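Participant: My request is simple: use the sequences and hints to build the entire structure.
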Amino acid sequence: MTKKIHKSLKNLFIIGTTLFSSQLFGQNGLNFDGTDDRVSCGNDTSLQITGKLLTIEAWIYPTSFKTDPWDCNVVCKVDQTKSNNGYMLRVGGTGQLNFAIGNGTSTWAERNSPNNVLVLNKWQHIAGTYDGKKMRLYVDGNAIDSMDIATSITNTALTINLTIGDHTGTYQRRFQGIIDEVRIWKACRTTAELRAYMNDEFCSYQKGLRAYYKFNHGKASGSNSSVTSLTDYSGFKNNGTLQNFALSGSSSNWVTGKSMKRASTLSTLTITACDRYTSASGKFKWATSGTYYDTIQTTMSCDSVLKYVLTIKKKTTSSLKAFDCKSFKSPSGLYTWTKTGTYVDYLTNSIGCDSLITVYLKIGAPMDSVSISNCYKVISPSGKKIFTQSGRYNDTLVSYRGCDSVVIVKATIFNSSSSEIDVATCHKYFSPTGKIYKIPGTYYDTLVNYLSCDSIIKTNFSIIAGRRTIIRSACAEFKSPSGNYTWKKSGDYLDTLLNYQGCDSIVTVKLTIWEPGRDTINTSVCRSYILPNTKKLIDKSGVYYEFLKNWRGCDSIITYILNVKTVDDYIVHNGSLLTARNVNAKYQWLNCSQGYKIIDGATARNFIAPANLIYAVEVTEAECKDTSDCVQVLNASNDLINYGEIAIVPNPSNGHFELRMNYAGSIHVIVTNMMGEMVYEAYTSKAMLGPIELNVKAGMYQVRVVCEDFSTTKPLVIQP
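Following my numbering, the numbering of the sequence shown begins with 110 at its first residue and continues without gaps.
If you are wondering where the hints come from, they were derived from the structure by calculation, not from laboratory data. Only a predicted model underlies this, so the values are computations on that prediction, with no experimental measurement involved. Even for Gly, the Cβ is constructed at its ideal location relative to N, Cα and C. Hints are supplied without guarantee of correctness; some may be wrong.
What the hints assert, rightly or not - The list that follows gives simulated cross-link-like pairs (lysine-lysine, PhoX-like), each with its CA atoms no further than 20 Å apart:
| id | residue 1 | residue 2 |
| --- | --- | --- |
| 1 | K806 | K823 |
| 2 | K231 | K370 |
| 3 | K695 | K674 |
| 4 | K422 | K394 |
| 5 | K243 | K175 |
| 6 | K644 | K658 |
| 7 | K471 | K430 |
| 8 | K394 | K416 |
| 9 | K567 | K537 |
| 10 | K567 | K547 |
| 11 | K161 | K242 |
| 12 | K649 | K674 |
| 13 | K295 | K242 |
| 14 | K423 | K394 |
| 15 | K242 | K175 |
| 16 | K519 | K494 |
| 17 | K567 | K544 |
| 18 | K619 | K588 |
As the list claims (entries may be wrong) - What follows is a list of derived Cβ distance ranges for each label pair:
| id | residue 1 | residue 2 | range |
| --- | --- | --- | --- |
| 19 | F819 | S762 | 21 to 27 Å |
| 20 | A301 | T408 | 23 to 29 Å |
| 21 | T144 | N224 | 24 to 30 Å |
| 22 | K544 | S591 | 35 to 41 Å |
| 23 | Q406 | A252 | 32 to 38 Å |
Facilitator: Below you can see the structure in the form of structure tokens.
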């Protein structure tokens, strides 16, 4: 089909090509930041211009001039290492234009224009020409200066590239502003030619044009990081490479350039096509005859308008139904089909377009299937085969067209069925065939099933025995299956039930009665004890009980005999002296102000607070341990307390006096006469006896005080 459409394009005629319009287009230019932006365009032989003919021209939009007229290079290709070679067009100073050519000597052939021929922030066309005798400078098509000189342009070294916007060497003579539409000619353009074409883009190759840059790249002031090449439209492919440009924003980037007129060509094409036609640009598809237009770009990036005078012819479609026993040849004769299906073939119709034929093809007689079921065997539709097992089989018949027709036979073989049942009754059983059985045994009956095949039933008949034995266990008591009895002791019991067939059934129950479980826990604990199951807190000695369910589900009683021990952790507070009231224990004094920090070495019963802080004591008695409440000390002392300092007040006395001492523990007081005979004795758990009354004769006596930590003796005088 595709080949036929292409043949129809033989009717395409190009009537003619006409330059028919010249319109003003907004295009792009390249903004140079004057710092390091430059475009390097290579050193092709087409750029190695020598001899006596040269023209350089460009559109510029300067935004800043530097000191001298040669400080801002627009176009530069020079080599001045040993002598001056090449050519350049520059601006600068006070709005001056500079044009220079090298002739292989130490002196440039160079001309500076008068001041103020150029201005900032405005588009201006500049040009420099040389015809072998005179150098001329132009601004906006007007000759502004010239110089007579007969010389010849010499070539630069092979390493010197044509550069736009910067010097080709090491001089930092960089242009700041926008450059557009740069042209370099190996020809001397006349004033008339410069004026005629400075506002036009060329849309065809020009004689003598060695480099031509339109700058119509990128998106104006957009993000153009990938657009780093400047295309040469001269035909010499001297494409430039952008160097050091930011390529983003309104500076050092592609921006809006000089608006130029661009000529367009018009070509008329007469075309005959089948069904539809796609335009050269691919933008349009036309399915009806008419006159249409399309636009494509030429190699010079100009518009080429194509006028289509289009005639659309339609393809035809048809269909046919075909049948054959084995194979079928298509109407075109190109295909032979051997399988049933839908096919497409193509012929050429009377107007030269495709004629599409849809062929609905049937090969051979239709294949059919049949399902047959029977007892023991199945006979095939042709009568030639007998199947004795279920399965899928093929049989062959002859169709009405004389073709073999294959029939798939789905055969299902039913054999006699059999079943077995167990029957138990109180007295007798009626079989499915109406027989009566009264004696236990095995019996057979034959019936016809729903498939019309024999169905043999094996019956195992038994007389229901009226006895059975069950084994049961229970907690405390058990109710009999009939609900008539309650048994509370283990043993064998009889019960009578009526079974589902209405027969008496005697049940022997072998019964086990589980007694409640018991356990005793006898333990001593410190402070308290939590019963493990009820989580009850016990803080007093005594006998406690918990009731649980054991693994059999019966009650289990646990008896706890608890001895709850407590530790006396009380502190006697006397100034800076802290004394544990418990006298039969181990001690560790703690600093509550520092998170119960252990005080090193403070393990005596008495403790002198060295600072006004909060203190506690950890008391260990036997296997129990407890910590006291924290005590605030407000009159701490670093002095050691002399427990042996005891005062008898008054002394002498008449027998009535007091003992005053700096001690809070238990003491033993003994008073003896000078013969060593004891006349008084007293004990106390605290060092507070109160007044002592002695009924003795006047004279000298000894008072001895015995404490846990010390003992001392003091004289006592009794007056008459």
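Participant: Against which earlier hints does the structure fall short, listed by number upward?
Facilitator: Violated: hints 5 and 15.
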